[in-house]
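Novice: Here is how the chains run, residue by residue.
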Amino acid sequence: MLLEIRQQYTFYGVLLYVASTIFVLYLAMGQPEEKVWNGLFWMIQLFICVNAVAKSFLQESRGRMLYFYSIAGARDFVLAKLIFNAALMILMSLVSLVLFRILLGDPLQNFWQFLGIVCLGGCSLSLVFTFLAAIAARAQQNAALMAIMGFPVIIPQLLLLIRISNTAFGDVIQSNQWQMVLALVGLDALVVVLAIILFPFLWKD
Amino acid sequence: MRRHWWKILCIVLLLYNCIAGLLVKLPEVTAFETSNLYESMRNFFFHVPMWFSQFSLLTVSLVYSIKYLRNHTLVNDLNADEFARTGVLMGCLGLVTGMIWAKYTWGAWWSNDPKQTGAAIAVLIYFAYFVLRNSITDMDKRARVAAVYNIFAYFLYIPLIFILPRMVESLHPGGKGAEGNPGLGGDSLEPAMRAIFWPGVLGWTLLGVWISTLRFRVRILEEKQQQQVA
Numbered sequence: 020m021l022l023e024i025r026q027q028y029t030f031y032g033v034l035l036y037v038a039s040t041i042f043v044l045y046l047a048m049g050q051p052e053e054k055v056w057n058g059l060f061w062m063i064q065l066f067i068c069v070n071a072v073a074k075s076f077l078q079e080s081r082g083r084m085l086y087f088y089s090i091a092g093a094r095d096f097v098l099a100k101l102i103f104n105a106a107l108m109i110l111m112s113l114v115s116l117v118l119f120r121i122l123l124g125d126p127l128q129n130f131w132q133f134l135g136i137v138c139l140g141g142c143s144l145s146l147v148f149t150f151l152a153a154i155a156a157r158a159q160q161n162a163a164l165m166a167i168m169g170f171p172v173i174i175p176q177l178l179l180l181i182r183i184s185n186t187a188f189g190d191v192i193q194s195n196q197w198q199m200v201l202a203l204v205g206l207d208a209l210v211v212v213l214a215i216i217l218f219p220f221l222w223k224d
Numbered sequence: 029m030r031r032h033w034w035k036i037l038c039i040v041l042l043l044y045n046c047i048a049g050l051l052v053k054l055p056e057v058t059a060f061e062t063s064n065l066y067e068s069m070r071n072f073f074f075h076v077p078m079w080f081s082q083f084s085l086l087t088v089s090l091v092y093s094i095k096y097l098r099n100h101t102l103v104n105d106l107n108a109d110e111f112a113r114t115g116v117l118m119g120c121l122g123l124v125t126g127m128i129w130a131k132y133t134w135g136a137w138w139s140n141d142p143k144q145t146g147a148a149i150a151v152l153i154y155f156a157y158f159v160l161r162n163s164i165t166d167m168d169k170r171a172r173v174a175a176v177y178n179i180f181a182y183f184l185y186i187p188l189i190f191i192l193p194r195m196v197e198s199l200h201p202g203g204k205g206a207e208g209n210p211g212l213g214g215d216s217l218e219p220a221m222r223a224i225f226w227p228g229v230l231g232w233t234l235l236g237v238w239i240s241t242l243r244f245r246v247r248i249l250e251e252k253q254q255q256q257v258a
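Going line by line, the protein sequences match chains A and B.
For the first sequence, my numbering begins at 20 and goes up steadily by one.
For the second sequence, my numbering begins at 29 and goes up steadily by one.
Hints listed in this document are in silico derivations from the structure and should not be mistaken for laboratory results.
Glycine residues also receive a C-beta, built at the ideal position from the N, C-alpha and C atoms.
Warning: the hint list may mix true and false statements.
Listed next, the in silico SDA-like pairs over lysine to any residue satisfying Cα-Cα at most 20 Å (straight line) [unchecked claim]:
1) B/Lys143 <-> A/Leu178
2) B/Lys169 <-> A/Phe220
3) B/Lys95 <-> A/Phe170
4) B/Lys252 <-> B/Thr241
5) B/Lys95 <-> A/Ile181
6) B/Lys169 <-> A/Ala163
7) B/Lys169 <-> B/Pro227
8) B/Lys53 <-> B/Lys252
9) B/Lys143 <-> B/Phe74
10) B/Lys169 <-> A/Ile216
11) B/Lys143 <-> A/Ile181
12) B/Lys95 <-> A/Pro219
13) B/Lys53 <-> B/Leu37
14) B/Lys143 <-> A/Ala163
15) B/Lys143 <-> A/Phe170
16) B/Lys53 <-> B/Thr241
One side of the interface only, derived from the structure: several residues of chain A facing chain B at Cβ under 8 Å [claimed, not checked]:
17) Trp56
18) Arg157
19) Ala158
20) Ile167
21) Met168
22) Pro171
23) Pro175
24) Leu213
25) Leu217
Based on the sequences and whatever the hints tell you, model everything.
Specialist: And the structure:
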């Protein structure tokens, strides 16, 4: 089931998207200060995620869905999608982190900490958007619906991420940082469980 | 008459809540000496019960959505829709009363406090639910997709309202610092205030249920009429 890597055209498309967005950002902004850097980074992650993950369900044709349906159960299918998208998003996040460091300057003080947060963040963004894409794919005007449903739902996670990653920029000390990381992991787990329980209901058609 | 007792109870409780909430003597220490609330503390009797009411209504909506997924009937779907609608209405009322209060206590209608943001996002999530419903024309499919989204939204709404506000600093009363409670101050309530507050919670919740059931009956009648025409 994990052989969706065949769809390489999307992969390179998204890669190009990442590179060009960050390059445009560099042309427009130069090298911003820490807070702006952090905010911009996560906003770019959000848009990359919408573009990369949304494709996963919206581009499937009916015939192929039927094919997947015949060879695997709904649970396996959604699990495979979740894992694939999470991996894709982590990869994209790492690429954009490298590009950010090269082009927009390097205000990071705790690089490894930020790296960990980036992986976690990419993972949680992609989980939520995978499930929302599954819902949106059932409705007809999917792209617009994706944005309408996605942005309110994603704001809490995004706020948490920005808050946690602020600590990687220096000596800002936040007492309950681990608590927030745990909350984020908990949210991710919640989304996975919900997706596994609820997806079979979306699948039947 | 016997079936209407809870509606009468609702009216009585709300009347009591409004009159007593405006007339009761506020506790000297918590309202005047140790905080800047003063008379604006009375908003507590109306604002907080609305959030309780919103929470209960959305929970009822969740239950109907789960019931729909187990047993596909139109009744469950319509119920889920109407309870979510009234829940969002209560949420908007809670936001508005909170904003009016904030204007006089914090000096601005909107000050980007984490709790204000959280509440606004919660309302937005449910607005997305209605947009989703309207975007699907096929009735069975609409009900199924909407039920799935409703369950998903509810489980994201819980951390938004109950967990995240406890973790960040806020100006909101009862929420001083990281151990703050999202709603009420817990132990700091005077017995006299409790005696007005909890009936208020029940009264506003009953009002929400009443509105929802009325709207639900209207929807059922509309469906029947459409079937007769068709």
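Novice: Evaluate each hint against the coordinates.
Specialist: Results for each hint:
1. Taking the CA atoms of B/Lys143 and A/Leu178, the gap is about 13 Å. The hint holds against a cut of 20 Å.
2. About 10 Å separates the Cα atoms of B/Lys169 and A/Phe220, which keeps this hinted pair within 20 Å; it holds.
3. The hinted pair formed by B/Lys95 and A/Phe170 fails the criterion: a straight-line CA distance of about 28 Å is larger than 20 Å.
4. A hinted pair counts as satisfied when its Cα atoms are at most 20 Å apart, and B/Lys252 with B/Thr241 qualifies at roughly 17 Å.
5. For the hint pairing B/Lys95 with A/Ile181, the CA-to-CA distance comes to about 38 Å; that exceeds 20 Å, so the pair is violated.
6. Using a Cα cut-off of 20 Å, the hinted pair B/Lys169 and A/Ala163 holds, with the two alpha carbons roughly 18 Å apart.
7. For the suggested pair B/Lys169 and B/Pro227, the alpha carbons sit about 40 Å apart, so the restraint of at most 20 Å is broken.
8. Taken as a hint, the B/Lys53 and B/Lys252 pair is broken in the structure, with Cα atoms around 52 Å apart against an allowance of 20 Å.
9. For a cut-off of 20 Å, the pair hint linking B/Lys143 to B/Phe74 stands: about 17 Å separates their Cα positions.
10. Simply put, B/Lys169 and A/Ile216 have alpha-carbon atoms about 18 Å apart, close enough for the 20 Å limit, and the pair holds.
11. As the CA atoms of B/Lys143 and A/Ile181 are separated by approximately 17 Å, the hinted pair is consistent with the 20 Å bound.
12. A threshold of 20 Å between alpha carbons decides the hint, and for B/Lys95 with A/Pro219 the separation of about 15 Å falls inside it, so the pair holds.
13. Proximity of B/Lys53 to B/Leu37 is assessed by CA-CA distance (about 25 Å); at most 20 Å being required, the pair is judged violated.
14. As the CA atoms of B/Lys143 and A/Ala163 are separated by approximately 28 Å, the hinted pair breaks the 20 Å bound.
15. Taking the CA atoms of B/Lys143 and A/Phe170, the gap is about 18 Å. The hint holds against a cut of 20 Å.
16. Distance check on the hinted pair: B/Lys53 and B/Thr241 sit about 36 Å apart at the alpha-carbon level, beyond 20 Å; violated.
17. The closest approach between the C-beta of A/Trp56 and any C-beta of chain B is roughly 21 Å, which is over the 8 Å cut-off, so the hint fails.
18. Here the hint on A/Arg157 is kept, as its CB sits about 5 Å from the closest CB of chain B, short of 8 Å.
19. Contact between A/Ala158 and chain B, as hinted, is supported at the beta carbon level, the nearest pair being about 5 Å apart and thus within 8 Å.
20. The interface hint given for A/Ile167 holds, since its Cβ lies 5 Å from the closest Cβ of chain B, which is under the 8 Å cut-off.
21. A distance limit of 8 Å between C-beta atoms decides the matter here; for A/Met168 the minimum to chain B is near 5 Å, and the interface restraint holds.
22. Checking A/Pro171 against chain B: minimum C-beta separation of about 4 Å stays under 8 Å; hint holds.
23. The closest approach between the C-beta of A/Pro175 and any C-beta of chain B is roughly 5 Å, which is under the 8 Å cut-off, so the hint is satisfied.
24. The criterion of a C-beta within 8 Å of any C-beta in chain B is met by A/Leu213, whose closest approach is roughly 6 Å, and the hint holds.
25. With a cut of 8 Å, the hint placing A/Leu217 at the interface with chain B holds, because the nearest CB-to-CB distance is about 5 Å.
This entry does not satisfy hints 3, 5, 7, 8, 13, 14, 16 and 17, going by the numbered hints stated previously.
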